[in-house]
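Participant: Fit chain B to the known structure of chain A by using the hints.
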Amino acid sequence: MNRPTQKYLPCNLSLSLLLFLCAFVALLAGCAASPAKQEGMIPATFETVGKHSKTVSVSVQGGRESKLSDPNQISNEAFTQALVDSITKSQMFSSVIQGKGADYLLTVTLFDLKQPSFGLTYTVKMEAGWTLQRADNGTVVWQESIKSEHTATFSDAFVALTRRRLATEGAVRDNIAKGLAKISQLKL
Amino acid sequence: MKIIVSLSMFKKLIPTLLLLGALLLASGCAINRATALQTPGTDLSKVKVFYVVKSPEDNREVDKLIKDQLGKMGFTATSGPEMPPPYKADAVVIYKDKWMWDITMYMLELTITFKNPTNNFPMARGNSFHTSLTRKSPAEMVEEVLTNIFNSSKQVSTKGGTQ
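So the protein sequences, as listed, match chains A and B.
Residue numbers for the first sequence follow this note's numbering, beginning at 10 and rising by one.
Residue numbers for the second sequence follow this note's numbering, beginning at 623 and rising by one.
Okay, chain A solo, but in the shape it has when bound (with noise of 0.2 Å):
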């Protein structure tokens, strides 16, 4: 007996098979929307003067979630990890503190990211808040908005869509590392 879907299904294809058909699609529209990946925004090398022994804790704020129709974004959680890690690769504090408990806060919020559509070259722009503050009360010891930028080529990927991915992480990586320059200037 045929069921009530079958006589709009062609003759070899199954309702398991649309159902995988289906999930196929659904994966394919995640892989597309290709997010900007943490272990790419964390700079190789740091131009810092000096280090810190204070400990901090770290929140990013102004991204978010890549969906297929608007691929390679930066999300606030990859952003955050590229940020800790940079910070303890670099030693720029004594330790990265989860929640409550550190001397010092470090706020960077992403007000502006430029991503150009199409191109054989990608550049993408960024710009972002710097803010560090003391945890005990609040003030403001250091504020500063840093832009940067990074260019993909057609050698770096031959997808546009992962050159582009490469392009915004890039940004940030540049982003970071100026970023982490300047605090490593401060006196605290």
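Simulated from the structure, these hints should not be mistaken for laboratory data.
In this text the structure is predicted, and so the values were computed from the model without any measurement.
Possibly wrong hints are sitting among the right ones.
[Said to hold, decoys possible] Okay, derived cross-link-like pairs now, EDC-like style, lysine to aspartate or glutamate, Cα gap no bigger than 16 Å in a straight line:
(1) B:Lys686 with B:Glu762
(2) B:Lys720 with A:Asp121
(3) B:Lys718 with A:Glu136
(4) B:Lys670 with B:Asp690
(5) A:Lys46 with A:Asp183
(6) A:Lys109 with A:Asp145
(7) A:Lys123 with B:Glu731
(8) A:Lys156 with A:Asp112
(9) A:Lys156 with A:Asp183
(10) B:Lys718 with A:Asp121
(11) B:Lys720 with A:Asp79
[To be verified] Here are a few chain A residues that sit away from chain B, every Cβ distance over 10 Å (derived from the structure):
(12) Ser43
(13) Glu56
(14) Thr57
(15) Arg73
(16) Ser103
Glycine included, each C-beta is placed from N, C-alpha and C at the ideal position.
Facilitator: Just chain B now, kept in the frame of chain A:
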């Protein structure tokens, strides 16, 4: 004969293709997004006078809509071209509008940023994104973004999603 078989197969595939197409479209057809945030140390209750910087790409007078809405909200607002800081205002307003065509042109996305008048540091930002099915008029978009900015606390406030 082969062509006839292929056409027959294609006809049978149509409902399946339509279903898969609908699945793809469903993720992008009716999206609402409205976010607003303030940077630490920002106190918008102290901001009374705004200067709206007219975007060079704006030929729809969105700057006037922002200025008028700020006026309705009880603030003093003027608009004009970008100038070297410091501005004679408590905050500088910059914006980015994105338009799309679907039967008629509509405002797809609006981002408004308040900046410090002396050092250009971003103080607050609001963004609204409405696709065609949930489109709003430019004046409503401006009102939504500004209201969300003033209602936002220090932390990120996000609402909306896919409908």
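Participant: None of the hints should be skipped; say for each whether it holds.
Facilitator: Results for each hint:
In summary, the hint linking B:Lys686 to B:Glu762 is supported, as the alpha carbons are separated by about 13 Å, within the 16 Å threshold. With a CA separation close to 14 Å, the supplied pair B:Lys720 and A:Asp121 stays within the 16 Å bound. Of the pairs offered as hints, the one joining B:Lys718 and A:Glu136 holds, with about 14 Å between alpha carbons and a cut-off of 16 Å not exceeded. Distance hint between B:Lys670 and B:Asp690 is fulfilled; the C-alpha atoms sit about 14 Å from each other, no more than 16 Å.
Between the alpha carbons of A:Lys46 and A:Asp183 the distance comes to roughly 14 Å, so the proposed pair stays at or under 16 Å and holds. As the CA atoms of A:Lys109 and A:Asp145 are separated by approximately 10 Å, the hinted pair is consistent with the 16 Å bound. Pair hint A:Lys123 plus B:Glu731 holds up; C-alpha atoms about 14 Å apart against a cutoff of 16 Å. Between A:Lys156 and A:Asp112 the alpha-carbon distance is near 27 Å, which puts this suggested pair outside the 16 Å criterion.
Distance hint between A:Lys156 and A:Asp183 is fulfilled; the C-alpha atoms sit about 9 Å from each other, no more than 16 Å. Proposed proximity of B:Lys718 and A:Asp121 is supported: the alpha carbons are some 10 Å apart, at most 16 Å. Annotation: proposed proximity of B:Lys720 to A:Asp79 holds, straight-line Cα distance about 14 Å (limit 16 Å). No beta-carbon of chain B comes within 10 Å of the beta-carbon of A:Ser43; the shortest separation is about 15 Å.
Taking the minimum C-beta to C-beta distance to chain B, about 23 Å, the non-interface status of A:Glu56 holds against the 10 Å cut. Residue-level check passed: A:Thr57 sits 23 Å from the nearest beta carbon of chain B, beyond 10 Å. The Cβ of A:Arg73 does not lie farther than 10 Å from every Cβ of chain B; its closest approach is about 7 Å, which violates its non-interface assignment. Residue-level check passed: A:Ser103 sits 22 Å from the nearest beta carbon of chain B, beyond 10 Å.
When held up to the earlier numbered hints, the structure conflicts with 8 and 15 and fits the remainder.
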